[in-house]
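Working from the sequences, and respecting the hints, build out all of it.
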Amino acid sequence: MRRLLPTLLVMSAAVRSVSATEPGVDFFERKIRPVLVEHCYECHSAVAKQIKGKLRLDSRPGMRRGGESGRSVVPGNPGQSLLLKALRHESLEMPPKGKLPAAVIGDFETWIRQGAADPRDRPPTAGEVERLSWQVLLAARKDWWSLKPVRATTPPEVRNADWSMQPIDRFVLARLEDKQLQPAPQADPRTLVRRLSLTLTGLPPRPADVTAFVTSFERDPESAWVELVDRTLASPHFGERWARHWMDVVRFSETHGNEWNYEVHYAWRYRDYLVRAFNQDVPYDQLVREHIAGDLLESPRINQQGRFYESPIGTAFYRFGEVNHDDCIALRSIGYDILANQLDTLTKAFQASTVACARCHDHKIDAFSTRDYHALLGVLRSTRLVAIPLDLPDINERPHVTLHNLKVQIRKGLARLWANADTPHLELLMLAAEMPGGEDKTTQHKGLDAKLLARWKTALSVKNPPLEHPLHTWRSIVDRDENTPIAGAWIKLSDKYLDQRRRRKRFNLQNYRTLFDFRDQDSDHILEWTAYGEGLVDPHANAGDLALSGSGDSIVSHLLPAGIHSHLLTARLGGSFRSPILHTTRKHLSLQVLGNERAVVRIVSNNCQLNYVNYKVLQSDTPTWITFEPAADNQKLRAYIELVTKFYNPKFPDQLATIGGAKENDRVPWDQVADDPRSYFGITRVMVHDVDEAPRAELDHLCRLFEDEQVPGTLRDVAIRYAAVIDRAVRAWANDNASPAQVRWVDWMIRNGLLANSIDADPQLAQLVKQYRTIAAEHLVPARIIAGVEDVDDGIDQPVLVRGNPTEFGDPVPRRFLEVLGGTKQRFRHGSGRRELADQIASPDNPLTARVMVNRIWHHLFGAGLVRTVDDFGRLGERPSHPKLLDHLASSLVDDDWSLKRMIRRVVLSRTFRMSARRLSGSTSIDPLNRLLRHYPARRLDAESIRDAVLATSGRLDLKLGGPSIYPFREQPNADRRLFVGPLDGHGRRSLYIKTNLMEPTRFLSVFNTPGGKVVEGRRDFSNVPAQALAMLNDPFVIGQAKAWGEQLVAGSHGDPSRRIDAMFQLALSRPASDSERLQFEQLLDRLAILHTVPATDRMTSQKIWKDMAHVVFNLKEFIYLP
Amino acid sequence: MASRPTTPCPGRQPVSLSRRQWLQQSANGFGAVALAGLLAESSPETAAAVSHHAARARHVIFCFMDGGVSHVDSFDPKPALEKHHGQPATGLTNPTANKNRKWVRSPWSFRPRGECGMPISDLFPHIATVADELAVIRSMKADLPLHSTGVLLLHTGSNNAGRPSLGAWSHYGLGSDNHDLPGFVVLSHGVVPCGGLENYSNGFLPARHQATMFAVDGPPVRNLAPADSDARVQLAKLALLKRRDRAFSQSLGGDDAIESAIRNYELAYRMQTAVPDVLDLAGETRATQSAYAVDSKVKSQSLFGIQCLRARRLVESGVRFVEITCAPGAANGTWDQHGNLKKGHEKNSRDTDQSITALIKDLRSRGLLDETLVVWAGEFGRTPHATGTDGRDHHPEGFTIWLAGAGVKGGTVYGATDEFGMHAVENVTTLHDMHATMLHLIGLDHEKLVFRFGGRDMSLTDVHGRVVHEILA
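One line per chain: the protein sequences are A and B, in this order.
Heads up: the first sequence runs through residues 1 to 1123, numbered per the working numbering.
Heads up: the second sequence runs through residues 10001 to 10473, numbered per the working numbering.
None of these hints come from the bench; they were simulated from the model.
Be a bit skeptical, because a hint or two may be false.
Unchecked claim - Non-contacting residues of chain A with respect to chain B, defined by C-beta distances greater than 12 Å in every case (computed):
id, residue
1, T153
2, L297
3, Q305
4, T622
5, V673
6, R827
7, F1004
8, H1111
As the list claims (entries may be wrong) - Looking from chain A toward chain B, a few residues come up when the C-beta cut is under 7 Å (computed):
id, residue
9, E259
10, L1030
11, A1031
To be verified - For lysine-lysine, the following BS3-like pairs were computed, each having C-alpha atoms within a straight-line distance of at most 30 Å:
id, chain 1, residue 1, chain 2, residue 2
12, A, K505, A, K492
13, B, K10343, B, K10083
14, A, K496, A, K451
15, A, K148, A, K31
16, A, K505, A, K463
17, A, K364, B, K10141
18, B, K10361, B, K10342
19, A, K49, A, K364
20, B, K10242, A, K1104
21, A, K148, A, K364
22, A, K179, A, K31
23, A, K587, B, K10102
24, A, K1043, B, K10242
25, A, K49, B, K10448
26, B, K10141, B, K10347
27, B, K10448, A, K97
28, A, K770, A, K407
29, B, K10448, A, K99
30, A, K412, A, K52
31, A, K884, A, K142
32, A, K99, A, K364
33, A, K85, A, K31
34, B, K10347, B, K10083
35, A, K52, B, K10083
36, A, K364, A, K825
37, A, K451, A, K463
38, A, K616, B, K10102
39, A, K1014, B, K10141
40, A, K49, B, K10141
Here a beta-carbon is modelled for each residue, glycine too, at the ideal position from N, C-alpha and C.
Laid out in structure tokens, this is it:
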């Protein structure tokens, strides 16, 4: 808009200067120009690829001159104006798509007769036409029912006022009465209780509840119903049912599909969040805010019982859907496709609007421009996809403090042990060096530790160590040419060291620029990065800090270089560390990092979470340079560096061989790789450079060897020199004032086992270490994480991607909401703008939000929305069947503080909901689709309810709420695609808890149209195909449950077939069997007894027979129908 | 209902009754042996069932070479690769051409084949014997070098999921030749192709147009094997179910969906025996089985042979569109040889070459090739330069497919890539063009075969596509 407005102003200024007073200009602007723009400019203006018939209608001269056929407009003379003839289809037929309305053609005639006033002196440029066209289109398209404010309407008067006084019923009845139709009578109580239970909880009612309701219904139908409704709304299974509905809307999936089917981490936490939210009746506007910006709320919702944040879990909805793992630097469209899917979900879920159709061009039909699309795309590109830890900050406070204190004590203990024990480094070194294969006798004689000596020997045997290795000098002396005196060799080595030290320093100085340096704990760079997770709570280490071993015989694993480390306390915590957006012009980027156990360092470009480019698995606990090649336009790609421990890495578990340099790959289900939480990383600094190598190893630590000017003349002198350096380093470390160079020496000693580091070394230390390890392993609450989002830097305004081309950037569009809903009046100012976007969507003034949600509720309660296209309120969607009712409900939702439970209660308490489903004769011809709701629409249950009903009936349903999902059943695992084998019956859990897998839909459920999980599917397909019959007849799940039910029946107490059959009906269908049904089922029983050759006496105890009887009941259409 | 065949085909039993009549005549609706509308949605809606012009082909067999066969090793000889072998490939612009790529010559030699003399490499010695039946298009161009989008584009004309499959469009346009069989069958190895099962979906078309997957090994259709070992038990159950379901429908004042579901149970019942019958190869002679390599000791080759032979039987029985898929090979597509090109492609050729050739010859000898279009294509070709040392990368910029059979001018080579096989440069042909041509051959105009969805007339080729008349007889 910033760019559009001046253009329009220029154009209208031109209007004024030339002919502001000329009569007819106003008429032209109101009646003629919009028509020309909308219907003619495509072929007859600057935007046309080829001007048709050489006729231009985008300026006065062009209009008057005409084209190939002659003069188009002759002022004052409609008869001679070819334009008018063409519009009337008398000569040419224009516009070719169809004749314009007669009134419009009339306007043209009037306008020409009055002189064809036309202020357009010059033809506009193509850009001007495009912008002007959009303004004209927008003005016309704005006039659409769903974009107009919600109007709280009073219920209409009805003739049959006795039927119901409830507003909903009066809206429905009024429309029926218009057509001279009567509403169906009320359904019987058994139907009602079944209907209510299935729609509100997705489960059939228990027979006892049915009986109880029928009894109280007979006393007082009205209060019985209210009581039942309130009790059902309070059921914990209400939340499960409505969570599943919403999961369809946000394309919930627990894997990313595409080629490798990576996991969406902890997607089940989002599912449980929804269950809790619907059960607690969290207001809908709050849910909207939490979905769009749950990470940014000033006072996030807290789960007090679980001690974690609820609000950020909502943002997981951005993270579902298909995600490509390929190189998204080379293939730019990948990143934008993922964002397009997020944008599509966002706008369809909350606004039922197909804004994503405006990705490459203005929407073809609706009021959304490609600038609208890019305004929202800017919001999404100012957001990044991250794993969010949900725990409250104090969750591990006590163990944290204890661990910290213990570590201080352990360090003190070690200092004592190492510095005061007078370890004879010199003796050991000499023994190890001079007596290869030496005698233990001597060792014992001298009171030396044999193990230590052996380790010295191993250490000294290193072959050709590089210059920076502590033993390079030693080995060079030992391995020197025999004829060279030691002093001469030493001087040569000293010169070489000094020369190399200077050269390397100069090389590094000249060729590398520091981008980030974390060695100094006061470095601003640390503040510029974002740290998540408890391992990153206080992550700065000075040189020489300890990394303790989590298990095993040694106390210390290694010493840390100064920098940021996730495992300062324990590798069991972990987290992530992210840079701001990069903008380097250098070819390479090198990071000095360490890490292990599937921790990863990478550069994320264009929000591609699963990209394998610039991705490295960390496999060393010594600081190592890793070099990446960021995209040349890394800033355009919004590239940033990320270090993650494994649970924070979206590619974990990675089943692929060798990706990122991993040695092992995780080809097993999640729970098997997740049982060990240990994973850690560290980073010291980031350099950028053009030379093709990582910074060269610097040699400062060797300085100590050569600082004494005296030249050693013997090997003993050299050993003394080494021992002195070591002694000084260890003492300095013990006094907590070791330089980084000295730390390297101590670290080298530790890694080679040359310092006492065994738990047995000191009983007091052993006690401390044991305590430390127990607390780390048992007292820390493991991180609870969700795949969510966060803002990155200050955000960007997204340039229009011209015709959707990801490499062609046009003008930037400010981050804002949709223009048609007032977005251009107020651009977003804070970060990504998600918080502001959330407020504009969750606003009572937004005409779509409440309407869309009440319509979704209606859809689930009646099988079809008042607007049947629940995800599209635009022109491609259908119009509302009861527009005033829709508005009444929408305004009620807002008045009720966005309470969804109260809205659902309102609807199910209506007479309309309680009508019988029996179709009345004649209704098919007047209202074949029952849009007017003459009767309640009976329909097939959804997939989940069918499976749940089977389990509920067989007695195998486990009603436990929440938790990690169960893998769906399949015969063989396919580890390449992370398809693992789950139990046939899903452990009896509700279908909601079966893992939704983008790569392969759950077999039994998908036959009954579970959604695909890639795009919003607020309305499911309801196909009717033989595969469904085959599933109910032959699927091993159904057969297994029939067997289970049969076994229960046989073990039950019913004395005769008739009573057992009746009990089966009560359980499965919520009603007794009729006489004829009992008779028919008894006949089947007889027949089965013959076929299974079961004697009459054993009929009641034959599992075969009752398995078959149960199977028949499962196959009754009534069993899978919502009555 | 959909159009009926006017010309009886060899081996096909003409059906004289309408399905409804026939269902009514079968006692109880159950127990009949024929197979009715396998996965057909039993609603009163009918397919478009319109021919736009005289069809040359009545059936399509689509041999899907997933993963992407190397064009420069099969049908598109490039002497320049021989000459520049091992030299750095410079000036590359396509996204899969990372730095440090070297040209790699083909490990197979080319020679002229058939009377037409078209060059085919030794990779496909069998297909080479039917060179005179093939119209080879060497100038194919797809979109992205990604399996998932590539396979979707090949099957649905779109990089993104959600659109109907080519087979679904064909079935929608023409209905079925035989109401006892599904119109669109995918002979599957149980592999979910990249891009997912959406490749075979009906998209926004009615559900009955979706593919029916027949597995090659084990039970061909899930849940097809009756759970009741005694058929009489199942019949007893079904008889009661039908009575109760009718009554339930009546209690709701007559419900179309329940009536459809009742019919679905009737069809499902018959499918249990009829599908295995159609797919059972026991009636084929040993010579035929052997020609198709059904008796091969190599399991993957034998399974592919079974696919090809079943394809003929299905076509013979009137199925419109049969897709043959490859036995599993590389994880992202059988032909996806990023490494071990020679070994991998040779294995895949051994699995497929003989059987596809046998299929063409068998169709020809039965007079079915005149009415069956055979298409052989992958989602893209492979780079003329190497991934690593002995593999080739994804390559949509220029690759080869071929067509044979009804309406196709055999012995034709159409279009060309550049000297190295990098880019299609002459008569560039897109997958939309291929779709348009396939629809044309089965008598459908790709611009007229539309379905109104979301307020718009949707088509397979959208605004693209040109019938490649140059390869038509």
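Hints broken by the structure, by number, lowest first?
Hints 7, 8, 14, 22, 30, 35 are the ones this structure does not satisfy, whereas the remaining hints hold.
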